[in-house]
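Dock chain B against the given chain A, drawing on the hints supplied.
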Amino acid sequence: MATTAPANSDDYACRTYSVVAWTLRVAVALQAIGVGLQRLGLGLEWEDDSAVFGLLLYDWRWPEEVAQRVDDLGAWLYFACGVSLLIIPAAGGILRAITGHGGVWFSVWIWLLPLSLTVAVWQAVLTTADWYRGGFFMSEWALISEAARFALPLVLFVLTPLPGSNTASPARLAGGIWLLRIAAAMTFVGHGLNSLYLNPKFVDFLLAAAAHISWDLSQSTAETVLRAIGVVDLAAAAVMMLKRWRIIAFYMALWALIAATARLVHSGPESHFELLIRSGNYCVPLIVGLFWHLSRRK
Amino acid sequence: MPYRHCGPTCHQRPLLQKLNGFSIAVRLVMAVAFCLTVWPRHSAADEAETPLETDKQLIAKITKPAGTLPIHWRVTWREDPATKAVVSWNTIEEGGVHRLHLRSEDGSRKEILNCQRNGRCTGGGHPLFYHHARLSELKPATKYFVQMESDGKKSAEFWFLTAPAADKSVQLLFGGDSRSGHTQRRFMNRRMARLLKELPGILALAHGGDYIVDGRRLDQWWLWMADHELTVTDDGRLLPVIPARGNHDPGPLFNEIFDFPPDDLNYYAVGLTPQVRWITLNTETSMAGDQKEWLQAELATARPEHRWVAAQYHRPAWPAVKRPSSALQHCVPLFEQYNIDLVCEADGHNLKRTVPIRAGKQDPTGIVYIGEGGLGVGQRQPKTDRWFLQKPGMAIPAHNVQLLTFSKDRLHYKAIGMDGATLDEHAFSPREK
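Chains as they are written, first to last, in the working numbering: chain A, 1 to 298; chain B, 1 to 433.
Source of the hints: derived by calculation from the structure; they are not laboratory data. Source: prediction; values computed, not measured. Treat the hints with care, since some could be wrong.
[Claimed, not checked] Here chain A is said to cover these stretches of chain B; the calculated rule only asks that three of the stretch's residues, wherever they fall, bring their Cβ under 8 angstroms from a Cβ of chain A: (1) 167-178; (2) 246-253; (3) 279-292; (4) 368-381.
Note that CB positions come from ideal geometry on N, CA and C, so glycine has one too.
Isolated chain A (complex conformation):
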C-alpha cells in the first residue's frame, strides 16, 4: 500500500484508494465488534440472539440447540472475519516493511476476499431475517434502513485488489463509491421514514437526550422535532444521490454518528455496541465524502 506523498495522478488514485479501503476496514471491524458484543456478550451483562435464531427456531422449527449453534457460529465468524479484515492488512503491511518482500503481502492479501464475503453474506442474512421476522417498528423497511451495514463488507469485497496490484481499478473504485452512495441514501430514507412515522424509540432517544441537558421536552414537541428530522433525512438522501456535495456527505456522517450516540445516552454505556454496530451509518457517507474531497484535490 502506497503511503508516501503522491507525486502524480496514479499516486493520487492510489492514495485515494488507500484512504477509502482503510476507512472501510476500520468501519467493518467496528461493526463486527459491535455484533460480537451484542450477540456474544463478550463480557457485557446482556447478550441477545439475532433474528436468524428466531427464524430457525420458530419459523423453520429447527431444534433450539442447533439454531443457537448456527446463530453463535455466524456471530463468531462475523466477529473474527470483520476484525481480521483490519488486522491482516495491517500485519501484512508491517511484514512487508520489515522483510521488503512483496510475496508475504500478497499471500495474506488473498485472504481478504473470503473474509469480506463472509461478513457481507452473514450481514445480508441478519438483515433479511430481521425483515422477514419483524417484531420491531417498520420492520418491513429493514432492508432499506440497514443498507449501510451490508454495503460496508460488500464494497470492501468489490474493492479488494487482485494479486499483483496495490489498488483497485478507477472503474471499480467509482463503482464501489456509487454502491456506498446508494447505501447511504437508502439508510437515510429508512431512518427518515422511521422519524416521519414517529418510531417510539426515536421519540425516547430525543426525550432522553433532552433530559440529559435538563431540557424539559414534551413528547408532542419531540414528535414535531422528529418529523422535521425525518424530512431533513429524506432531503439529504435525495441530495446524496443527485449531487456530489461533500458537505452533505460529511453532514450525513456527523448526523448518523449523533443518532447512533443517542442510543448510548438513552440506554447507558452498556449499550455502546449500538454505536459500533451502526458504524456503517456514519462511515459510509464519511467514505463518500472523503473520496469526493480527495478526488477534488486531484
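Frame of chain A; chain B shown alone:
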C-alpha cells in the same frame, strides 16, 4: 409379521429370540437398561393431568363462519370491570342489525342493545366484520347472560361475571405470547377454560401481548379469535381479556379487535376490586414521554389507595433471554419508587420469576417480575445464569399460564403448565403503607 400388534416393544422380539442362549443375567441387564432409558420420559408426566381432548376435537368445537352468524366472541375489560365491559363478535358478512341480548342472573336487567361500533377489519383476505356492544351500568359481582345476534342469526347464550365492588378475594390469569404454536395455543386456551370452571373466582385473562406473528395480518388474527372461543367453559362462561400490545401486534387491527379507539396507545388501568389495581403498559410506544407521566400519576394515586398494585406489559425489563426493553429505564424506577407489588412480563417464551429486585440488585424489599410468555408459542431455554434468575428466582422452558390470587393477607402466584401441573408457586405479603 407375527408381532405386528403386540405393543411398543414388538420390534425387539426377534432379537430376543436370538438371545435364547444368553444367560438370565444378560437379559436382566438388558431389561434394566431398557427401563432406565424409558423411565425418565414418563416420570414427570405421570403426575400431570392428561388432555381430555385432541387438537382435532378442539378444532371441531370452533364455530364455522357462515354469513352473519356470530363467531369469535370475546369480552374485553379496559375500564371499570365492575360496571363496564365490551362484548364483541365477528361476522363474515357485513349485515345490518347487530344486537346483544343481555340479562342479569338476578333478573334486575333484561334488554336488547344495539352495537355501538361496527366495521370491517383492516387487512386483506376474506372480509371480516367486527361488532362491539359496550355495556355500562352493570352491577358488580353479577352474572350476565349475553347472546349475540346479527341480522337474526344468533349465537348460543354465554355468560360472564363482573368484578366485585367489595374488597374480596379475586383471581386473575396472566399469560402472553399465544402466537406461532397454534396447536399449543388451543391446548392452553382449553387449559384456561378448565381453570375457569374449576376456579370460579377467576375474573379475566390479562394477556401480555404477542397474540399472533404479524399484527397487521387479518388471517392470523382470525385464527387467534377462532381459537379464543376455546377459552369458553362448557357451561358457556366467557373469559374477559385485559389486553396488552406486544411487539408482534402493530397496526390498527389490535384496536379494532379489542374496541380501543383507533388512535389509542393502549396503556390504561383497571380496578379489579377496590383494593386491586391492574396497570397495563405498552412497550411498543414511547415510554419516556406521556406514558411515563401517566404511569407516575397513576401510581401516585393508586398506591396509597390499593392493597395490591400490579402491572403488565410485553417486553421485559428483566428478561430471561433477550436484552431489557425501555421499561428498565422508564418504568422500573417508578415501580420501585411506588413499591408496586408484582410485575408481569412476556416476550421471552419461557417461564420465569425473578428474585426481588431494587436498584439493580437483589433486595428483599424489591419487586418480583414474573411471566415471559407461554400461551402457545414455542418455548426456549432461558439464560439461567443471569443473576436475577438465581434461587429463589427460577426460569424454565414450559408453556404456562399464571394464576394470581389477590386476597387480604397475601398475593399468591401459581404457574400452571399445559397439562395442569404446577410449575412454580410463590406468595407475597402486602406492602407496609
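Within 8 angstroms of chain A's CB atoms, at least three CB atoms from the segment 279-292 of chain B: coverage verdict:
holds (count 7)
### Message
Under 8 angstroms between beta-carbons, do enough residues of the segment 368-381 of chain B, three at least, approach chain A for the coverage claim to hold?
### Response
holds (count 4)
Is the coverage entry for the segment 167-178 of chain B by chain A consistent with the three-residue Cβ rule at 8 angstroms? With 0 residues in contact (Cβ-Cβ under 8 angstroms with chain A), the coverage given for the segment 167-178 of chain B is violated.
Chain A over the segment 246-253 of chain B, status - at least 3 residues with CB closer than 8 angstroms: Holds: 3 residues of the segment 246-253 of chain B have a Cβ under 8 angstroms from chain A.
Violation of the numbered hints given earlier is confined to hint 1; every other hint is satisfied by the structure.
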